[in-house]
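Protein chains in written order, with my numbering: chain E, 1 to 247; chain S, 1001 to 1273.
What the hints contain is simulated information worked out from the structure, not anything from laboratory work.
Errors might be hidden in some of the hints.
Label-pair restraints from in silico Cβ distances [stated by the list, open to error]:
1. S:1025 with E:8: 44 to 54 Å
2. E:156 with S:1181: 49 to 59 Å
3. S:1262 with E:156: 38 to 48 Å
4. S:1029 with E:116: 47 to 57 Å
5. S:1058 with E:167: 48 to 58 Å
6. E:51 with S:1262: 29 to 39 Å
7. S:1258 with E:214: 40 to 50 Å
In this text, all values refer to a predicted model and were calculated from it rather than measured experimentally.
Ideal Cβ positions, reconstructed from N, Cα and C, are used throughout, including at glycine.
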Amino acid sequence: MTTRRGVIVGRILVIPLLLLAMEGVVAAGVFNELFVAPPSSFIPALGRNLVSGDLLPLTWITIRTVGMATVVCFSIGIPLGYLFWKVPVAQRAYEPMLGGLLAAPTILLYPVFLIFFGRTAGSIIALTTLGATVPVILNTRQALADVNPVLLRVGRSMRLTERQIFRHILLPAAVPVLFAGLRLGMIFILLAVVALEYIVGIGGLGFFISDMSFRFKTANLFAGITMVLILSVGLMYVLTRAQKAIR
Amino acid sequence: MGIEAPAAGRTRKREQRDVVAVAIQLATAALLLTAWQTVGGFLPNLSTFFPPVQDIAREAVRLFGNGILTKDITTTAYEVLWGFLIGGGAGILVGVALGSNRYLSGIFGPYVYYAAAIPKIILYPIFILVLGIGLESKIGVGAASAFFPIAINTMAGVAEVQPAFVKVARTLRVSTRQMYLYVYLPSAIGPIVAGVRVGLGGAIIGTLLAETKLASAGLGIKAINFYAEFEFAAMYVVIGFVFIVALLLNWGLGLLHRRVTRYQGDGSHSVML
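Isolated chain S, as found in the complex (with noise of 0.2 Å):
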């Protein structure tokens, strides 16, 4: 036997093979369920801490049934879409700016690989200090939080951008607009979607987490006041809530990247020149 890469799945088998892995994720589900069920009844107080699944589905129904969630909601979305808008567009142009261009992405592009990696929470405080404690200091994290990726992403993007075709556009003589809008662009768009997709969840996290510390309204700060007044089954309604409509923003975010390099192919086509 000794050590041999399993041997790849033969196509007549493959629908064998799936079935039982959905198999193993139901079952996998189903288990966590359970035990998640089962964890309260361990101790008596354990129960306040993890609800069983029906009193959470009941708080659900209670808080967006009666609209208590409302006003939460529309603050979190707007500090997320203004963040991820600033912070994106940002991004963009930076991106775009330093991949264009090998002698500003030499100078600029560790620094901002290297500022990438701190949390943009922590800038929180200067936010608060400059646009002050209501909905602008979170935009601010939320863009801090979406910029980077997005500009990273786009910077490769652009590097990457096949220099026959920049030289094929030259030779047509185009304006350097246009050479960004139909050359660098459509070619560096998915590096910039797959960016996108992962600044969004940025711009979630990060509003989200400065919710949590400082806001008068808003999902964070709700479920951490539900947190501190024990009503853990709302907590984790909001958390839940915010979990759905992130992995569902992703997953579309995805689909978009999958339309937007389905011309690309495999990469494989070479350009006679």
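Pulled out of the complex, with its shape left as it was, chain E reads as follows (with noise of 0.2 Å):
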């Protein structure tokens, strides 16, 4: 019981006592103010940036090119693992080349993008999907396999209709495993996202990270990097919730 209490109370305490070590790394000199910004710079930068600045439409500008991208991925990436699911040679084909992309650095096709889409949300939304679409395809390819067969012959005993065996047993059985994928494409896709705004240089955070960094404004370019590990936080908060209420 005991333990369990220190293990939140320890939790808890490790965020303030970080902020405290980092403001008194500043403080003593160790770091110049200009290249690290203590608490006690940056977190009032948050606030008037939330307020009276950028840094809201910035953020809903990421979050909409994050939500887009999940879309379109999922849009493909889900039924491409049926597919694969139904048709065994399509799979067996198929997945090797699409483990091998997933080791691949795509996203240093980055440039080819900007060419073909130019400097504008599109480059970003389309390399994202072409490095979150293959963990969604084998995921669900994967979920939809590892359903116990017994269940569905159940199903077809019971002489229900092939919507009803999809919606009552296939897709609860598949949905862990299923959502595991989910989350691993929509994890690549905040990361990818924010990571091309700040090398391309458009959009909402990344860019709004670059450019702060650029300008040296230390305070607000860490109060950037918090609106991202926010957002991050958020969007795993929010997932696992979902997956949560499909159980």
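Put the complex together from the two separate chains, hints included.
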């Protein structure tokens, strides 16, 4: 009992202690305030930028890009995963290639997409789709394949229609592994969107961080990084809740 | 008919099936190649952006033959190696420390997971400010990228060491160092290698992305320079080279992983105590 409470207390204490440590390190002169913004500087900056600055609209741009990429990725990945499950030859032919794609640094292809789509969100969406669709396809196929065939036969023996079998047997059984794939895909999408925004210098939060770093506005820079952290934590939280809700 | 899981391939027909799979793979590859070659022909200027394979091959010969890329290759390799070693070393240490202690992993574990989800490239400005614009900042990004997959996998690997083994070791009164070296590490080496595989990939991506943003030498900035100067064939050569190296390293580590987990069999061995 005490250990469980101790863990939770410890976990809550980590953040304030970390912030205090940062504050102390900068105050002691280990890092120049120009290079590392202490919490006393970047937390008010975060507040300022959220209220009267560009941070909120820029965050929204990032969220929107992530959303669009997710929609594209899922609408391509899930059907393809289903297809690979239905047609085993397709799976045996393409799965090794997809596995290889997973290992390849696809994000480095971004200049090619810039050529194709220009310096727009389209190139970001296209590139992240290329990377994120792969885990979705692989996991969808795996999720469907892992469904106990006995369950499906029970459905058929009860003379359920295909749609009923799909909705009441196949889908619920496949959800855990499927969601693992979706989660992987979304994490990759968020990561890649912010990274590309930073590298290319377009869009939302990534662009904000890049801009602030070039202007040496370190407090704003740290505020932006904090915002990305908040966004990614929020996303993971939403995904976990969604998975629990579907169960 | 209805929905039914397609029957698993029967062993007798397996040879036939695999030939079909390879045929499909080759056909797809040929299709993609043809598509690439003909894309340039649709519009007069498009061939500049998508040069035919012969041009790319010619550029490859020119760039590698004349040693134009040598300095960039060594720079990037140096950065990736050091980033990987530093990030990986720290990752293993942290992973072992957290994985072997349920208290610590409960407190710090979630934070490691949350921090893992942010793109480490956005820390690049901080590394530049603190470490300067030279190689060190890229090593920093590479290290940060390599750290998290390795730490997380090591944590999981160490935490899943069978308690039976730990108990047996305790009855033999082993020292803490021996415990780590002979019980935890061999059991966790599988997940660790898996983490290393992802971590190396991360280090490569992080380092190269950092180079594309701000660098004086390296494959990343070289590729971007080619892009900016419309020398697309050369750009594809550099990107292709990075891809091939990354895939080879990944494949090698995959072999290592299989070699290292070979003794574990299918994990169904029970330990009688």
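Results for each hint:
1. For the pair residue 1025 of chain S and residue 8 of chain E, the supplied restraint of 44 to 54 Å holds, since their beta-carbon distance comes to about 51 Å.
2. At roughly 55 Å, the beta carbons of residue 156 of chain E and residue 1181 of chain S sit within the given window of 49 to 59 Å.
3. For the hinted restraint 38 to 48 Å between residue 1262 of chain S and residue 156 of chain E, the CB-CB distance of approximately 41 Å keeps it satisfied.
4. For residue 1029 of chain S and residue 116 of chain E, the Cβ-Cβ distance of about 21 Å falls outside the hinted range of 47 to 57 Å, so the restraint is violated.
5. One distance hint, 48 to 58 Å for the beta-carbon pair residue 1058 of chain S and residue 167 of chain E, holds here, with the actual separation near 56 Å.
6. Between residue 51 of chain E and residue 1262 of chain S, the C-beta spacing of about 59 Å breaks the proposed range 29 to 39 Å.
7. Taking the beta carbon of each, residue 1258 of chain S and residue 214 of chain E are about 46 Å apart, inside 40 to 50 Å as hinted.
Violated hints, listed in ascending order, are 4, 6; each of the other numbered hints is respected by the structure.
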